[in-house]
Amino acid sequence: MAVDTTQNGPATPRGREFDAEPVVIEASGVTKSFRLPVNKISSLKEQITTFSRPDYRELHALRDVSFEIRRGEFFGIVGRNGSGKSTLLKVLASIYAADAGRVRMAGRLAPFIELGVGFNPELTARENVELNGVMMGLERRQARGRLGAVLEFAELEEFVDMKLKNYSSGMLVRLAFSVMIQSDAEILLIDEVLAVGDASFQQKCADVFHEMRDSERTVILVTHDMGAVEHYCHRAMLLHDGEVRGMGDPGEVARKYLRLNFESAPSSGEDSLGEVADIVVEDAWLEDGAGQRAANVEKGEELHFCAELEAKRDVEGPTFGFTFANPDGVEVMGFGIPPEELPERIAAGQRIRIRSKVENRLAPGRYVVRCWIHRNRNISDIVLYSPHILDFVVFGKSEAGVAFFETEVEFELKEGEAR
Amino acid sequence: MSAEAQAPAQPVELREVRGPSATGGGSRRFFELLWLISATEFKKSFHGTAFGYIWSLVRPLMLFGVLLVVFTRILKFEVPNYPVMLLFNLVVFGFFQEGTGAAVTSVLAQEGIVRKTQFPRLVIPLSSVMVALFTVALNLVAVFGFIFIYGIDPMWTWLFLPVIILLVFALTAGASLLLSALNVRFRDIAIIWTVVAQVLLYATPIIYPFEIIYPGLLRDVLLCNPFTLIFEQARVWIIDPAAPSALDIAGSWVAMLPAAAIYVLTCILGVWVFKREAPKIAERL
Numbered sequence: 001m002a003v004d005t006t007q008n009g010p011a012t013p014r015g016r017e018f019d020a021e022p023v024v025i026e027a028s029g030v031t032k033s034f035r036l037p038v039n040k041i042s043s044l045k046e047q048i049t050t051f052s053r054p055d056y057r058e059l060h061a062l063r064d065v066s067f068e069i070r071r072g073e074f075f076g077i078v079g080r081n082g083s084g085k086s087t088l089l090k091v092l093a094s095i096y097a098a099d100a101g102r103v104r105m106a107g108r109l110a111p112f113i114e115l116g117v118g119f120n121p122e123l124t125a126r127e128n129v130e131l132n133g134v135m136m137g138l139e140r141r142q143a144r145g146r147l148g149a150v151l152e153f154a155e156l157e158e159f160v161d162m163k164l165k166n167y168s169s170g171m172l173v174r175l176a177f178s179v180m181i182q183s184d185a186e187i188l189l190i191d192e193v194l195a196v197g198d199a200s201f202q203q204k205c206a207d208v209f210h211e212m213r214d215s216e217r218t219v220i221l222v223t224h225d226m227g228a229v230e231h232y233c234h235r236a237m238l239l240h241d242g243e244v245r246g247m248g249d250p251g252e253v254a255r256k257y258l259r260l261n262f263e264s265a266p267s268s269g270e271d272s273l274g275e276v277a278d279i280v281v282e283d284a285w286l287e288d289g290a291g292q293r294a295a296n297v298e299k300g301e302e303l304h305f306c307a308e309l310e311a312k313r314d315v316e317g318p319t320f321g322f323t324f325a326n327p328d329g330v331e332v333m334g335f336g337i338p339p340e341e342l343p344e345r346i347a348a349g350q351r352i353r354i355r356s357k358v359e360n361r362l363a364p365g366r367y368v369v370r371c372w373i374h375r376n377r378n379i380s381d382i383v384l385y386s387p388h389i390l391d392f393v394v395f396g397k398s399e400a401g402v403a404f405f406e407t408e409v410e411f412e413l414k415e416g417e418a419r
Numbered sequence: 001m002s003a004e005a006q007a008p009a010q011p012v013e014l015r016e017v018r019g020p021s022a023t024g025g026g027s028r029r030f031f032e033l034l035w036l037i038s039a040t041e042f043k044k045s046f047h048g049t050a051f052g053y054i055w056s057l058v059r060p061l062m063l064f065g066v067l068l069v070v071f072t073r074i075l076k077f078e079v080p081n082y083p084v085m086l087l088f089n090l091v092v093f094g095f096f097q098e099g100t101g102a103a104v105t106s107v108l109a110q111e112g113i114v115r116k117t118q119f120p121r122l123v124i125p126l127s128s129v130m131v132a133l134f135t136v137a138l139n140l141v142a143v144f145g146f147i148f149i150y151g152i153d154p155m156w157t158w159l160f161l162p163v164i165i166l167l168v169f170a171l172t173a174g175a176s177l178l179l180s181a182l183n184v185r186f187r188d189i190a191i192i193w194t195v196v197a198q199v200l201l202y203a204t205p206i207i208y209p210f211e212i213i214y215p216g217l218l219r220d221v222l223l224c225n226p227f228t229l230i231f232e233q234a235r236v237w238i239i240d241p242a243a244p245s246a247l248d249i250a251g252s253w254v255a256m257l258p259a260a261a262i263y264v265l266t267c268i269l270g271v272w273v274f275k276r277e278a279p280k281i282a283e284r285l
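Chains A and B supply the protein sequences, listed in that same order.
The first sequence finishes on residue 419 if you use the working numbering, and the numbering steps up by one all the way, no holes.
The second sequence finishes on residue 285 if you use the working numbering, and the numbering steps up by one all the way, no holes.
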């Protein structure tokens with residue numbers, strides 16, 4: 001089982017080399033600012049009667065952003081709200097014009113700023129798929145030819161001539177996602193659309209993203225979901241206040257993002273790109289009741305979660321937390337190591353071995369183990385956050401709910417009272 | 001990865017991304033989009049109404065009925081073929097009114113698309129004009145039925161009808177571009193326009209023939225209205241060959257210049273302003 005650590009890996013992780021691939025997107029010095037009037041003037045009278053020039057506040061959405069993306073890369077852009085990532089996406093998608101700098105691109109680009117943009121509720125799925133295809137730059141014939149594949153993926157073949165306004169929201173989302181996936185543009189721009197549909201459709205989408213990762217297609221994904229970044233992206237970029245604050249290994253970028261997000265204590269100091277986390281996960285695995293390593297466990301079967309970590313630097317007052325998340329991203333359970341059992345400090349080079357016995361009430365499905373490590377006994381001071389150190393499947397018969405509980409049911413059939 | 005993908009990187013051509021524009025994305029895409037959007041909007045406008053298309057004819061017909069009663073029973077106009085002239089003029093002017101009226105708010109109405117997709121911006125106001133064009137084309141079929149029943153014999157000059165429609169179309173499109181671009185900056189353009197369009201209805205010889213206006217300032221002003229010349233010429237071609245032509249009412253080619261200048265200026269200004277505003281439209285919404 002592969003172990004995802006935040007080691008200072010090579011520039012192109014996950015075994016794919018992109019150095020030989022041509023650059024397909026090149027942004028150099030992209031700058032964009034918005035002039036926000038303090039009092040927005042949108043009527044003629046105000047324009048005429050405001051004698052002094054209106055006051056503007058300059059909002060620098062992007063400052064000198066430069067990067068290159070090579071063909072076939074799955075490139076993540078992360079950042080907090082207001083960091084400029086959506087603006088960048090819109091500049092790439094030709095929705096905004098940059099004030100300065102240059103963007104060059106090879107190949108056709110299909111932007112998906114939002115799922116189902118331009119869907120017309122009064123039209124049928126057939127008409128919408130055609131319209132959407134043409135909007136994304138296809139010819140009408142091509143757009144029509146795509147219909148079958150789109151509907152098949154969305155599992156909506158029987159509703160092809162139903163108006164979208166009669167679709168359920170789930171169906172709509174499936175159709176929109178499917179339109180996106182079936183777009184045959186060489187470059188895809190995707191903004192925050194990962195968590196759509198029910199669990200089975202999500203699994204399907206996840207498979208598609210995995211496929212895209214390994215295909216010749218270039219994908220730019222903008223997201224808040226660090227799990228997705230680490231999972232799918234070959235490389236990622238962190239934007240903060242319109243500036244590039246980090247670029248490279250997705251794990252590293254995700255960690256920097258989290259640090260920024262939690263405004264960590266000064267102890268974290270200047271964080272340079274490529275820095276190794278102070279503690280890294282060397283290995284993580286499951287064991288069955290007999291102490292054998294296991295990739296999957298049966299429902300209800302005894303489950304041991306084990307991990308081995310190594311401190312790369314001294315860490316004061318460490319705490320550790322692990323959670324198991326199901327495919328919906330729900331953390332079904334979590335546990336930590338009681339602080340009183342932990343040493344005051346862990347010195348560089350020391351190894352920590354964790355063995356835990358977990359009462360296995362997990363409902364069948366795929367689980368991802370996430371790991372958090374903090375210092376100074378302070379949960380906002382993150383040493384390491386790794387959203388995916390291990391994944392495993394609990395197999396067995398599925399029942400309702402995210403966990404199962406032994407239930408005793410009594411059943412009695414009573415005669416009704418005669419009326 | 002396949003072996004061929006590992007072949008020495010063939011150089012790919014990087015093209016500069018220049019941001020949004022009025023027409024970007026190639027002419028084929030432009031016309032396909034224009035057609036698709038116009039056609040669906042046209043279909044949509046009649047959807048859910050019991051009588052569908054009939055309504056688009058009923059509106060000018062109602063106005064026609066009222067004006068006909070006012071000007072023939074109350075004011076006693078003595079104009080040959082007045083009813084057909086009135087109906088024809090109302091329907092053709094309705095094209096301008098509806099086209100510009102829908103276009104002026106079109107960019108705002110399509111905000112979702114403008115802000116989230118890459119899209120030749122020009123398609124949006126133009127599709128409003130196209131929808132109005134479809135409507136007028138259908139209405140004209142009914143109008144010519146009426147003209148025929150009224151007792152006007154078909155004339156070879158009816159073949160000039162496309163010229164008239166084209167002239168009105170270009171002016172409508174030019175005004176639509178200008179208005180829709182300006183309305184993004186100043187939202188009251190849409191409100192002002194409903195009034196201006198109403199004024200134009202009376203400042204154009206639509207419900208009256210031009211020759212009843214005495215020489216003077218009013219006549220000179222009305223002569224600067226490009227529609228005056230277009231509608232008067234249309235009357236000669238379609239309804240009454242004996243009516244004064246555009247040249248007759250202007251008096252000379254030179255006297256037609258102001259109207260022609262306004263016509264050309266509106267079209268050029270519309271395209272110029274829209275092209276200038278197009279890259280910024282998404283941010284201003």
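No wet-lab data here; the hints were simulated from the structure.
Quick caveat: nothing in here was measured; it's all calculated off a predicted structure.
We treat Cβ as the ideally placed atom computed from N, Cα and C, and that holds for glycine.
Treat the hints with care, since some could be wrong.
To be clear about the criterion: a stretch of chain B counts as covered by chain A if any three or more of its residues have a C-beta under 8 Å from a C-beta of chain A, and this derived list gives those stretches [what the hints assert, rightly or not]:
#, stretch
1, 30–39
2, 252–262
Ranges between beta-carbon positions, derived for each pair [as the list claims (entries may be wrong)]:
#, chain 1, residue 1, chain 2, residue 2, range
3, B, Ala109, A, Ala206, 53 to 61 Å
4, B, Arg187, A, Gly29, 29 to 37 Å
5, A, Glu157, B, Arg284, 37 to 45 Å
6, B, Leu108, A, Gly401, 46 to 54 Å
7, A, Leu36, B, Ala170, 57 to 65 Å
8, A, Gly401, B, Arg187, 49 to 57 Å
9, B, Arg284, A, Arg108, 41 to 49 Å
10, B, Leu108, A, Gly329, 51 to 59 Å
11, B, Val199, A, Leu36, 30 to 38 Å
12, A, Arg108, B, Ala109, 37 to 45 Å
Covered by chain A, per the in silico footprint, the following chain B stretches (three or more residues, Cβ under 8 Å) [unchecked claim]:
#, stretch
13, 12–18
14, 210–222
Going through the hints against the structure:
Chain A is given as covering the stretch 30–39 of chain B, and this holds because 4 residues of the stretch bring a CB closer than 8 Å to a CB of that chain, at least three being needed. Judged by the Cβ-Cβ criterion of 8 Å, the stretch 252–262 of chain B is not covered by chain A as claimed, because only 0 of its residues qualify and three are needed. For alanine 109 of chain B and alanine 206 of chain A, the hinted distance range of 53 to 61 Å is not satisfied, since their beta carbons lie about 37 Å from each other. Between arginine 187 of chain B and glycine 29 of chain A the beta carbons are some 35 Å apart, a value that agrees with the proposed interval 29 to 37 Å.
Distance hint check for glutamate 157 of chain A and arginine 284 of chain B: the Cβ-Cβ separation is about 42 Å, which falls inside the suggested range of 37 to 45 Å. Against the hinted window of 46 to 54 Å, the Cβ-Cβ separation of leucine 108 of chain B and glycine 401 of chain A comes to about 47 Å, which satisfies the hint. Under the hint 57 to 65 Å, the C-beta atoms of leucine 36 of chain A and alanine 170 of chain B, about 38 Å apart, miss the expected range. Glycine 401 of chain A and arginine 187 of chain B have their C-beta atoms about 52 Å apart, which keeps the hinted 49 to 57 Å range intact.
The hinted range of 41 to 49 Å is not satisfied by arginine 284 of chain B and arginine 108 of chain A, whose Cβ atoms lie roughly 28 Å apart. The hinted range of 51 to 59 Å is not satisfied by leucine 108 of chain B and glycine 329 of chain A, whose Cβ atoms lie roughly 37 Å apart. As the Cβ distance of valine 199 of chain B to leucine 36 of chain A is approximately 36 Å, the hint placing it in 30 to 38 Å holds. Restraint check, arginine 108 of chain A to alanine 109 of chain B: a C-beta distance of roughly 28 Å breaks the suggested window 37 to 45 Å.
For the stretch 12–18 of chain B, the proposed coverage by chain A is satisfied: 7 residues have a C-beta within less than 8 Å of a C-beta in that chain, meeting the threshold of three. A count of 0 residues in the stretch 210–222 of chain B with a Cβ less than 8 Å from any Cβ of chain A is obtained; the coverage claim is therefore unmet, three being the minimum.
Checked against the numbered hints above, the structure violates hints 2, 3, 7, 9, 10, 12 and 14; every other hint is satisfied.
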